[in-house]
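Asker: Sequence:
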Amino acid sequence: MKRLSALLPFMLVLASFFIAPYVPHVSAASEEALQEETARRALRLSGEEKPDAARVRTVEDWLARASRNTGETPETVLAACVRNVRYLFDAGKVPATPVELLEALNAYSTKNEILNNLLHRYDAARLAAPDKSHGAAMRALGEKRGPAVW
Numbered sequence: 103m104k105r106l107s108a109l110l111p112f113m114l115v116l117a118s119f120f121i122a123p124y125v126p127h128v129s130a131a132s133e134e135a136l137q138e139e140t141a142r143r144a145l146r147l148s149g150e151e152k153p154d155a156a157r158v159r160t161v162e163d164w165l166a167r168a169s170r171n172t173g174e175t176p177e178t179v180l181a182a183c184v185r186n187v188r189y190l191f192d193a194g195k196v197p198a199t200p201v202e203l204l205e206a207l208n209a210y211s212t213k214n215e216i217l218n219n220l221l222h223r224y225d226a227a228r229l230a231a232p233d234k235s236h237g238a239a240m241r242a243l244g245e246k247r248g249p250a251v252w
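In this note's numbering, the protein residues as written are 103 to 252.
Because the hints were derived from the structure by calculation, they are not lab data. Beta carbons are placed, not taken as given, at the ideal position from N, Cα and C, and that holds for glycine.
Straight-line C-alpha distance at most 30 Å; calculated DSS-like pairs for lysine-lysine:
#1 Lys152 x Lys195
#2 Lys234 x Lys213
#3 Lys234 x Lys195
#4 Lys234 x Lys152
The following label-pair restraints were derived from C-beta to C-beta distances:
#5 Asn219 x Arg159: 21 to 31 Å
#6 Pro111 x Asn218: 38 to 48 Å
#7 Arg170 x Pro111: 38 to 48 Å
#8 Asp163 x Pro111: 40 to 50 Å
#9 Gly173 x Ala108: 42 to 52 Å
#10 Ala181 x Ala108: 45 to 55 Å
I would like the entire structure built from these sequences, with the hints used as guidance.
Answerer: This is the structure in C-alpha cells:
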C-alpha cells in the first residue's frame, strides 16, 4: 500500500501528460469565431435573420469596443443589453432591440465605465423621450441631458 501511495503522484503526472492533447485550448481563431457568433446572436435577437457580412462585422466591432471600455466579456455585454431590452418593454412597452443598445454603448461608452451605468442612462433617456424612439434617446445622450443615474 505504501508503494501505491508513493507512485500515485507519478501516475497523475503521467496521466495528465497523455490527456493534455485532448483538452480543448482557446486559440485566437476560436476567439474570433466566438465573437462573430456573439454578434450574429445579437442580430438574431434583434430580428435580423440573415444579416450580411458587413452588418455582422459592424456589430462585432460594437461588441468589442463596449467590451474593452467596460472590461466585460462580449457575452456579458450582450446579456446586459438583452436584459435592458426586457426592462424597457416592461417599464414602458418600448420595442427596443439589443443592437440599439449596442449602438448606444459604442457611441457613448468611455474607458472604464461601468456597463450598467450607461445602459441605465440610455433606458432613462428612451423612456423620457416623447416618442420613446432610439433616435431621441441617442440625441438626449449626445446632448448630455439624459437623466442622471445614482
